[in-house]
Amino acid sequence: MRGLAFDIAHLLAGGMVVVSFLLLYQDRVYALLNVFALHSLVLALAVGWQAYIQEAHHLYVTAGIALIFKAVVIPTALHRIVQRLGIHRTLEVVGGVGRDMLAGTALVALAILVMLPVTAGADALAREDLAFALAVVLLGLLLMVTRQNAVSLVVGFMSLENGLVLAAAGARGMPLAVEISVAFSVLIALIVIGVFLFRIRERFDSVDMQAMDTFREGRRK
Amino acid sequence: MNDVGFSAVTALLVVPASTALLLVLLPGYRVGARLNVGAALLSLLAAFTLFEARPDANLYLRVDDFNIYLIVLNNLVSFTTSVFSASYIAHELDTGRLTPAYLRFYHAMYQALLFAMNLALLANNIGLLWVAIELATLITVLMVGLYRTRAALEAAWKYFILGSLGIALALFGTILVYLAAQPTMGEGLPAMAWDRLLAHAKAFDPALLNLAFVFLLLGYGTKAGLVPLHAWLPDAHAEGPTPISAVLSGLLLNVALYAVLRFKMLMSANPAALAPGPLMVILGLLSLLFAGLMLYRRGDIKRLFAYSSIEHMGIITFAFGMGGPLANFAGLLHMTMHSLTKSAIFFAVGHISQVKGTQRISTIRGLTVTHPTLGWGLVAGVIAIAGMPPFGVFMSEFLVVSSTFARQPLLALPLVIGLLLAFGTLLWRVHGVAFGKPDGGPAAPVQASILPLLAHLALVLIAGIWLPGPLVAWFLHVAVLLG
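First to last, the sequence lines map onto chains D and L.
When we follow the working numbering, the leftmost residue of the first sequence carries the number 1, and every step to the right adds one.
When we follow the working numbering, the leftmost residue of the second sequence carries the number 222, and every step to the right adds one.
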């Protein structure tokens, strides 16, 4: 049982890294949102599995939040926003997908090289989980850095945050895991969907960050 | 006695939180502004009570020698800022930059921010600390975007992205600290309580702690505006309402730095872990030099002082990075002086940009002639923040420089260059604003409350001339604690 529990946890955490890679090479907005929903679904499964093997019932709440809020509500809402605002359906990738994939691979290697030696004392489950979580965080960062439009930035940030929830769930018996995932969900829900996308559209006719970036102090003089 | 302390701590959290709720429901901005001032005063009184009676630490909250002074400072500046905000915000309504509905929102958020900062300072639990700082970030993002102009939205957006990145990194660091503690301290809440962590820190895995500290320093450092993660700070200061700039610069940056210092103490308690000092020295020097250079070409007066905040955060981080009783003493003193002075400057700048109708330095001229009180208030504030003698900032900067010369003369060189650079450019930029030739036009009347400005400057001046004995003794005590 111990071996199987570990293998499944490993599989699900690894699955998140793979889905993070999928996020990297999407060039259509809807596809990006769908893959993000898949990302959150895998997260929910991974956290649910951790809840089961650690017998930590509060983690089921975290898994539930991931499933309902991040895998269903947010992608649906973003879908509707994209539809209503008529945002360009295709995404520009700065520098090409191939380079991103290479950089992503390097980041995953980095995450594993950093985490595994450092956590030699911790138990195997937490180690692997943490290494994968760091990889997901770094891939999320990469997505944020290499994309110009607001939707990709938001998706990048949310996938990064999924990585953090994975790390929190993997740390055995970590208190406040539920509170933290709620706090993050509020952060995302309130700002991103409620305020920004609508206001930005209202003012700029575009959710393209490059169009927003014309304001600089030097040019105002 | 402990009951008194406990109720004081409760009041520090409950008063702002319930006032925030009340303010959401209350229409009418005049009542809102008064309630805002009243609630801030109540919190300040509760903070003073903590000197007399301290509650015992529990797993969530704790008051000790270090955070008590930041709590008092936090509530003091929040109170004076709320007084300033009452007169500032009335003018914004007159000019139509804000509507009553936004003002209601603004006042509620102000109290919510006060709640979040008090919670962060009181927190004994590193998870709670993180949640509080996240809440503060969230609220300030909404406040920065309050004017709904193009520039304000871009500033809020940039702040949101960088701030939440910082917050995310800090969370990863927090999880790593928990993982380091878990083998020795077992699972559950005690392994996240800061005082217990400190007691057990010797036994933690040093490698894991090192990695955690890097994440925490970068994460909370983003919130403290340290270069290279400072990009949000000038925009957020320039585009948000001025009272928020004052609170951001004077308080929120301190809160973020406070979080870094808590973890620094944890690192120092483990002899095998990486020394946190050098990392902080490097980030501090970088911030100082970079901000010194950037000050030179600022065209926007609020942005100018935002860069000056980066500079001072750099000095403080540098001082704490050097460590040792003297440098820590200087760091603590500088934190206090910078809070008071910088918020005073923003009070002056807020009214100045209102009477002049612009924030552009090139169009604000000859203030000492057209608006003597504001003009001279600004001059006094700038002299203080640039580190000239009679004021308290001079003393703390002098201590930082002299303690560095005594121990690491080579590090003192870039430090002094940075200080001089900032000193020169600040005075040069403000010279025209204060003494230039006023541009025609009748002087608009000022309906400003000068009191908060004068109160802050008076405190800084007194601190520069004479620090009360008990305060010195107590700063020294905390400086030793900080290691």
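Keep in mind the hints are simulated off the structure, nothing from the lab.
Don't take each hint at face value.
Computed footprint of chain L on chain D; a stretch qualifies when at least three of its residues, placed anywhere within it, have a C-beta under 8 Å from a C-beta of chain L [said to hold, decoys possible]:
1) 5 to 16
2) 135 to 146
3) 171 to 182
Derived, one-sided and incomplete: chain D residues facing chain L with beta-carbon distance under 10 Å [unchecked claim]:
4) Ile81
5) Gln83
6) Leu85
7) Ala106
8) Ala109
9) Leu110
10) Ile112
11) Pro117
12) Val118
13) Ala120
14) Asp123
15) Leu130
16) Phe157
17) Val186
18) Ile188
The beta-carbon is built from N, C-alpha and C at its ideal position, and this holds for glycine as well.
Hint check results:
Counting residues of the stretch 5 to 16 of chain D whose CB falls under 8 Å from any CB of chain L gives 0; the rule of at least 3 is not met. With 3 residues having a Cβ less than 8 Å from any Cβ of chain L, the stretch 135 to 146 of chain D passes the three-residue criterion, so the hint holds. Chain L is given as covering the stretch 171 to 182 of chain D, and this holds because 8 residues of the stretch bring a CB closer than 8 Å to a CB of that chain, at least three being needed. Below 10 Å, beta-carbon pairs count as interface contacts, and Ile81/D has none with chain L, the closest being about 16 Å; its hint is therefore violated.
Hint on Gln83/D is violated. Least Cβ distance to chain L is approximately 22 Å, over the 10 Å limit. Annotation: interface hint on Leu85/D violated; nearest CB of chain L at approximately 15 Å, more than 10 Å. Proximity of Ala106/D to chain L is violated relative to the hint, the smallest CB-CB distance being about 19 Å (cut-off 10 Å). For Ala109/D, the interface hint is violated, since its Cβ never comes within 10 Å of a Cβ in chain L; the closest pair sits about 16 Å apart.
Given hint, Leu110/D at the interface with chain L, is violated; its Cβ is 12 Å from that chain's nearest Cβ, farther than 10 Å. Interface hint status for Ile112/D: violated, as the beta-carbon distance to the closest one in chain L is roughly 13 Å, over 10 Å. Residue-level restraint check for Pro117/D holds (minimum Cβ-Cβ distance to chain L is 7 Å; threshold 10 Å). Among the interface hints, the one on Val118/D holds; its C-beta lies about 4 Å from the nearest C-beta in chain L, closer than the 10 Å criterion.
The closest approach between the C-beta of Ala120/D and any C-beta of chain L is roughly 8 Å, which is under the 10 Å cut-off, so the hint is satisfied. For the restraint placing Asp123/D at the interface with chain L, the shortest Cβ-Cβ distance is roughly 9 Å, inside the 10 Å limit, so the hint holds. At about 7 Å, the closest approach between the beta carbon of Leu130/D and any beta carbon in chain L falls short of 10 Å, and the interface hint on this residue holds. A cut of 10 Å between beta carbons decides the hint on Phe157/D: the least distance to chain L is about 6 Å, and the hint holds.
Here the hint on Val186/D is kept, as its CB sits about 7 Å from the closest CB of chain L, short of 10 Å. Contact between Ile188/D and chain L, as hinted, is supported at the beta carbon level, the nearest pair being about 9 Å apart and thus within 10 Å.
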